[in-house]
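Take the two lone chains and join them into the complex the hints point to.
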Amino acid sequence: MSDITALSASELAESLTAGDLSSVDITQAHLDRIEATEGIVGSFLARSETALDTAQQSDDRRKKGEARSLLDGIPVAIKDVLCTTDMVTTAGSRILEGWIPPYDATVVRKLRESGLVPLGKTNMDEFAMGSSTEHSGYHVTKNPWDTSRAPGGSGGGSAAAVAARQAPVAIGSDTGGSIRQPAAFTGTVGVKPTYGGVSRYGVIALASSLDQVGPVSRTVRDSAIIHDVIGGHDPHDSTSIPTPWASMTEAADTGARAADLAGLRVGVVKQLVTEGLQAGVKQRFDEALELMAAHGAEIIEVDAPHCEYAVAAYYLVLPAEASSNLAKFDSVRFGLRVTPEGNPTVEDVMAATRDQGFGDEVKRRIILGTYALSAGYYDAYYGSAQKVRTLIQRDFAQAFEKVDVLVSPSAPTTAFPLGAKLDDPLAMWVGDLTTIPVNLAGIPGMSLPMGLDPEDGLPVGLQLMAPAYEDARLYQAGATLERLFFERDGYVVSSRTPEVV
Amino acid sequence: MSEMTPDAVRHLAGLARIALSDEEVARLAGELGAIVEAVESVQSVATDDVPPTSHPVPLGNVFRDDVVGETLTTEEASAGAPDHDGTRFRVTAILGEEQ
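Read top to bottom, the protein sequences are chains Y and U. Position 1 of the first sequence, counted from 1, bears residue number 1 in my numbering, the numbering being contiguous throughout. Position 88 of the second sequence, counted from 1, bears residue number 88 in my numbering, the numbering being contiguous throughout.
Don't read these hints as lab results, they were simulated from the structure. Any given hint could turn out to be false.
If we take Cβ atoms under 7 Å as the criterion, some of the chain Y residues that face chain U in the derived model are [to be verified]:
1) W99
2) P102
3) Y195
4) Y315
5) F334
6) R337
7) T345
8) M350
9) I366
10) G383
11) A385
12) V388
13) R389
14) G442
Away from chain U, derived, C-beta distances all over 12 Å, residues of chain Y [to be verified]:
15) E38
16) E275
17) V302
18) L452
19) G490
If we take Cβ atoms under 7 Å as the criterion, some of the chain U residues that face chain Y in the derived model are [to be verified]:
20) L15
21) I18
22) Q43
23) A46
24) E76
25) G80
26) T92
Note that the Cβ used here is the ideal one computed from N, Cα and C, for glycine as well.
Chain U extracted, bound-state conformation (with noise of 0.2 Å):
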């Protein structure tokens, strides 16, 4: 398995959208480490013939009747939100200048 190195672990907060310090990069490293190679003994009963588990109760799909329910109303909806126009949520830029 690959190792859990600063790089790594900078990688993977990059795709989970966590700015982490140099410092939490460093200690997410060493722990990450021996935290992957405890898990890793799953792989040695793992085998083929095993089918995995995604669901603990077997459920199909689930539908529900296709009539109009109560929603929220926008209000409500933004309500919570750290910026909103009124109708809509508020961000900063989508695109940075590089893009």
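Excised from the complex, chain Y in its bound form (with noise of 0.2 Å):
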């Protein structure tokens, strides 16, 4: 057996069921890799301490053959926004330092109710406020192509755990691209499901309408088991769709057997595909368009017209939502707690607290938010930012009656060097108008490797994006599209990674 962690969970389930791997091994392996790469990486803010215990009590249900799934004694890391009842959870911020959540997100219930063995919890922009992983309240995740440059964000730390194989697969949260752009940023593939897809109960809400959790991996099969793992209704959550959903699984499959992609109509968003992209990531962009028309498939160019507002919208309902969400954190149910000196009032105690709490960019957005929501602002604002959203679900909806899927770059850029953009909030949020509208409609997106930049050698995303509730095309469409990139390249991007040590 080659290097462990260099395996993908679907390849690591099958030595489970053969017989050639234990859990305890797999977890090992992976517990190594952590030790060696850590101190350079940083995609972790804190590690299961029972680990191995799980993945022995893992080995010795399937030696009685009680295993609980395919996936039973998979190691899997968890972004620090999902609660957790055996590991510190803080979304990346101090102001929660130290708590540990008294019930675990239904995410993260479904994934030890199959046996997947949590290795830690990873680093993020603080509540998921970023684009680059730099706002986490504890400390910087390094890119593992390129220590000097971001590995996106907010998820960052599961993107750089998987693209380092620190983990085989991770979970993310997606409110503006955070699974998408980092999965961009370091070669790996990441999925933001149908709003409503999967469960948000116990998942440290940023913007309620726009928040979903997904899949982090190597390969599209991988997203697709963990997706259909965490995946499903869930009475916790008002939001969740309580329809059944077709098997992920079965449709990546479906994809990586597919001769090629005859029949698929592929729309390219013009909006999506501006003049300020990368020259590397056009020219892997114009590529991919042209591997899908030789292999079947018929590209349609489409308007989405109201794109263009997007990030505007975003980030009108974000700081909105996120500044009535982060009203929780006042001080006196959970977290840190500052009181100032002489005789201070609740009231000066929360201040105070949320002032030393919070770091730069929170608090930015929870001041504008507050704007955004006050009497006399509230219909130029929010207002008329939901009314973008009508118009961009309307722009979306008018192309997936002409196309079955749209792509796009998944970043108009490569990974950014550290420190690029921390000065200027404003050039941080540009970067995300291929990504945002997305959210907005609610739509499921995908992203995955489409080869590496000529010029910085970095890798290059693509995004596809299917109609709600057609999650299942994306994984089909990305398995078959996988192929064909391996086809032509003759190696899969994340093959290429750095050893980082």
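Structural data, given as structure tokens:
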């Protein structure tokens, strides 16, 4: 057996079934890899102390023929935005330093019920506000491809962990691109499911009408199998979709077996292929379109004119909802408390706590959201932004009358240097223009690697988008494309990730 | 639109219960002014005939069966609190002297 950490979750599951490897073997290999690389990459905020015990229990079950699922015994990294009863949960914020939640998020419960082995909690921008993981209240995560560059954000920890082979799969959350943009920056696969497809219960809320939890992996199929584990209706989440879902794994397998893309109508969203694209990103995107066309896909240019207003609408909807959601951090029920001198009232304590506990980006967005929601400005800002959502949804609905999937680059650039955008919040935000419309419309989106930028050698991501409820389409088309890229290039992007150590 | 003056920022910070320092207020006034200008473009297409979307997937009111569920114990609920007396969260004075 070659290096265990180079195997996909699907391959590891086969080895477990065949008895070639035990969960303890697999878990130990990933713990060793974390030990060797974590000082450089910094993917984790907390590491599980019980991973090997959990792995041993999985092996015991399997020996008795009682494996809970095909994935029983597979390690997983979990973004720190999801509540875990056995690990500190902070959402990357100092205001929750040391907090251990009294319950598991539904997604975490489902992972445990399927026998997966949580390795730790991954770093993120504080409360998922950011696109580089530099806004974490704890430390900066480095991109395994080039440690002077950002891994993307907010889920830079999950993406870096999977890229650096510290974990075969991870869980992320995506409010405006926080799964897909880090996937693009690290040469991994990431999926934002249809809004309501995966439970938000126990996920520390950023913007409730945009947040969605999804998988991070090195292959399309691995994201599919994790999606099947974590997806489905949850009565604890009132926005959870009650209808049953198709198997994403079957969709991925169908796509992987398909001879070509014959009959697939692929729409190119004109507004998401902007002049601001990095040259290498544009080149790889054009080549991907050529590859699709050469294998039977019909490429159609489509208009989504209101995507031009998506970033503006997003940065009203998100701060408005975040300012409400983050009101719960009041120094009373959980987290930090800072008591000023003298005889402070509870409000003085709250205000001092929130000033010390929140970072700059969080304060900026809370104040902006408070403004957007305040009397006299509500209609002009939050109300107008909600109307733009309607217009963007209509644009997508019209586009999907003509095509089966939409495509764009996942991000306008490859991974940018650490610190490059820290002084200019607007510059950081504009980088999300390719991913944000998907969240505003509630549709599913996937990022998968489509090659390396010929200039900087860094991974470039292709974004696939499908109509709401049609997540399976992403996996089917994604798996075919993944194979076509491999046949064209002779390697998969993730296999070119530097060793780090 | 109203200008993002330091006083406006201080007022908003008061509403949001964040005790910003003077230095933070000055910096945010500049940043938020530029940001508000950038996001104002939404108004140009948000005409009266467009209905707002609060939520991307249409779902009606969602109810669950009216049965007793598994809830947290008092001990579990208070375990993460900065200060409590076993059954209640403990805080400083609710009202200040001038109230």
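Is the nearest CB of chain U more than 12 Å from the CB of Y/L452?
The assertion about Y/L452 holds, with a minimum of 33 Å to chain U.
Minimum Cβ separation between Y/E275 and chain U greater than 12 Å?
holds (18 Å)
Chain U contact restraint for Y/G383 - C-beta distance below 7 Å:
With a minimum Cβ separation of about 6 Å from chain U (threshold 7 Å), the hint on Y/G383 holds.
Checking a non-interface call: every C-beta of chain U should be farther than 12 Å from the C-beta of Y/E38. Is that right?
Given that every Cβ of chain U is farther than 12 Å from that of Y/E38, nearest at about 27 Å, it holds.
So, as I understand it, the hint says Y/I366 touches chain U; can you test that by seeing if any CB pair is closer than 7 Å?
This interface hint holds because 5 Å falls under the 7 Å limit.
For the restraint on U/T92, tell me whether the closest CB of chain Y is nearer than 7 Å.
Holds, because the Cβ-Cβ distance from U/T92 to chain Y comes to roughly 5 Å (cut-off 7 Å).
Verify this label for me: Y/G490 is non-interface relative to chain U, using a Cβ-Cβ cutoff of 12 Å.
About 40 Å separates Y/G490 from the closest Cβ of chain U, which puts it past 12 Å; holds.
Can Y/R337 be said to touch chain U, with a Cβ gap under 7 Å?
holds (4 Å)
Beyond 12 Å from every Cβ of chain U: is that where the Cβ of Y/V302 lies?
The claim stands: Y/V302 keeps its Cβ more than 12 Å from every Cβ of chain U (closest is about 19 Å).
Under 7 Å, Cβ to Cβ, is where U/Q43 needs to be relative to chain Y, so tell me if that hint holds or is violated.
holds (5 Å)
Can you verify the interface hint for U/L15: is its Cβ closer than 7 Å to any Cβ in chain Y?
Holds - the Cβ of U/L15 comes within 7 Å of chain Y, reaching about 5 Å at its closest.
Interface hint check: Y/Y195, Cβ to nearest Cβ on chain U, cutoff 7 Å. Holds or violated?
holds (5 Å)
Checked against the numbered hints given earlier, this structure breaks none of them.
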